[in-house]
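Since the structure of chain A is provided, determine the placement of chains B, C and D on it from the hints.
There are 4 protein chains.
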Amino acid sequence: MKNENVKKRLKTVEGHLRGIERMVEEEAYCIDIIRQIQAVQAALNKVNAIILEEHLSSCVITAVRGDDPDERERVLNEISSVFDAANKI
Amino acid sequence: MKNENVKKRLKTVEGHLRGIERMVEEEAYCIDIIRQIQAVQAALNKVNAIILEEHLSSCVITAVRGDDPDERERVLNEISSVFDAANKI
Amino acid sequence: MKNENVKKRLKTVEGHLRGIERMVEEEAYCIDIIRQIQAVQAALNKVNAIILEEHLSSCVITAVRGDDPDERERVLNEISSVFDAANKI
Amino acid sequence: MKNENVKKRLKTVEGHLRGIERMVEEEAYCIDIIRQIQAVQAALNKVNAIILEEHLSSCVITAVRGDDPDERERVLNEISSVFDAANKI
Numbered sequence: 001m002k003n004e005n006v007k008k009r010l011k012t013v014e015g016h017l018r019g020i021e022r023m024v025e026e027e028a029y030c031i032d033i034i035r036q037i038q039a040v041q042a043a044l045n046k047v048n049a050i051i052l053e054e055h056l057s058s059c060v061i062t063a064v065r066g067d068d069p070d071e072r073e074r075v076l077n078e079i080s081s082v083f084d085a086a087n088k089i
Numbered sequence: 090m091k092n093e094n095v096k097k098r099l100k101t102v103e104g105h106l107r108g109i110e111r112m113v114e115e116e117a118y119c120i121d122i123i124r125q126i127q128a129v130q131a132a133l134n135k136v137n138a139i140i141l142e143e144h145l146s147s148c149v150i151t152a153v154r155g156d157d158p159d160e161r162e163r164v165l166n167e168i169s170s171v172f173d174a175a176n177k178i
Numbered sequence: 179m180k181n182e183n184v185k186k187r188l189k190t191v192e193g194h195l196r197g198i199e200r201m202v203e204e205e206a207y208c209i210d211i212i213r214q215i216q217a218v219q220a221a222l223n224k225v226n227a228i229i230l231e232e233h234l235s236s237c238v239i240t241a242v243r244g245d246d247p248d249e250r251e252r253v254l255n256e257i258s259s260v261f262d263a264a265n266k267i
Numbered sequence: 268m269k270n271e272n273v274k275k276r277l278k279t280v281e282g283h284l285r286g287i288e289r290m291v292e293e294e295a296y297c298i299d300i301i302r303q304i305q306a307v308q309a310a311l312n313k314v315n316a317i318i319l320e321e322h323l324s325s326c327v328i329t330a331v332r333g334d335d336p337d338e339r340e341r342v343l344n345e346i347s348s349v350f351d352a353a354n355k356i
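If you read the protein sequences in the order shown, they are chains A, B, C and D. Taking the working numbering, the leading residue of the first sequence gets 1, the next gets one more, and so forth. Taking the working numbering, the leading residue of the second sequence gets 90, the next gets one more, and so forth. Taking the working numbering, the leading residue of the third sequence gets 179, the next gets one more, and so forth. Taking the working numbering, the leading residue of the fourth sequence gets 268, the next gets one more, and so forth.
Careful: at least some of the hints might be erroneous.
A short, non-exhaustive set of chain A residues, derived as facing chain B with CB atoms under 10 Å [claimed, not checked]:
| id | residue |
| --- | --- |
| 1 | A28 |
| 2 | L56 |
| 3 | V60 |
| 4 | R72 |
Below, simulated SDA-like cross-link-like pairs (lysine to any residue); rule was C-alpha separation at most 20 Å, straight line [said to hold, decoys possible]:
| id | chain 1 | residue 1 | chain 2 | residue 2 |
| --- | --- | --- | --- | --- |
| 5 | D | K278 | A | A43 |
| 6 | B | K177 | D | A353 |
| 7 | D | K313 | C | D210 |
| 8 | B | K96 | C | D210 |
| 9 | B | K177 | C | A221 |
| 10 | D | K275 | D | A310 |
Everything labelled a hint here was simulated from the structure, so no lab data went into it. Positions of the beta carbon are idealized from the N, C-alpha and C atoms, including for glycine.
Chain A with its partners taken away, still in its complex shape (with noise of 0.2 Å):
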């Protein structure tokens, strides 16, 4: 997939994360670099949430509307094992 949001967003998090290297660097205040890497994580699952959107929206709709049983299987076993991976992180 080709996103541009996606890419910003990204790179955003890629700066904020070098943010946090600065603090640790700095010896900031152990809470203060937590809950920084809790606010990178939640950007993250932002991210993951706008590429399903776009993958279900997408290549799903084609594999189910295609010929292929296996295909769609396979193609509807990955959401579930995405879903799956996502309660346990």
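Below, chains B, C and D without anything else, positioned relative to chain A:
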């Protein structure tokens, strides 16, 4: 959906939860109670995964292969929204 | 720990869970069931937060102010382990 | 806090994140991108766990053993709030 596996798992969770209520009643150690509640939450994640998998392989396929684009969109938006919510609990 | 607020909340969760079992029995829509289970999980997060807060302001203070360094370490390691587990559900 | 282990891990995460940006640039498969982002989130959970552990065994012990009840309460409330936030991402 009607799923004996899901029903049995929910019954087990209910029993587990009653056990936790007894622990609170008997003034068990806080951390032990938290760990049991976390076990219940993991069990509920598993139930959600099972339901989602069944949903993907039935309703979602029907809607996406159907002729109604609004229904298709509705069903796919639901997947996104459930994924978003999973990230927030 | 003995906490009427926690007990009441767990009772409410138990009732909520029985409602979800009925939904499954009556073949409710998958996504509606998943949403209700997610609401139960959020309610259990709240219960865990309450128990942890009470634990921090009682047992943890006692252990950390006490004279036994092993006990102190044990109690603080428990906090870490519960935090880790929370990240994995 | 100044912790070489934490700094190294954050550097690694930053590299991982840049790899993901390249994947988006090169239009990699959505699900593969989501999985890499989930791996980053898991790595950040680990960093948070390490920071919290260090915090518990230093600042928290100092505050709880200290003579200032307000400071004690503040430090313990922070633990609760970080735990709450962890449950919401």
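Tell me the numbers of any earlier hints that the structure contravenes, in ascending order. 1 and 7
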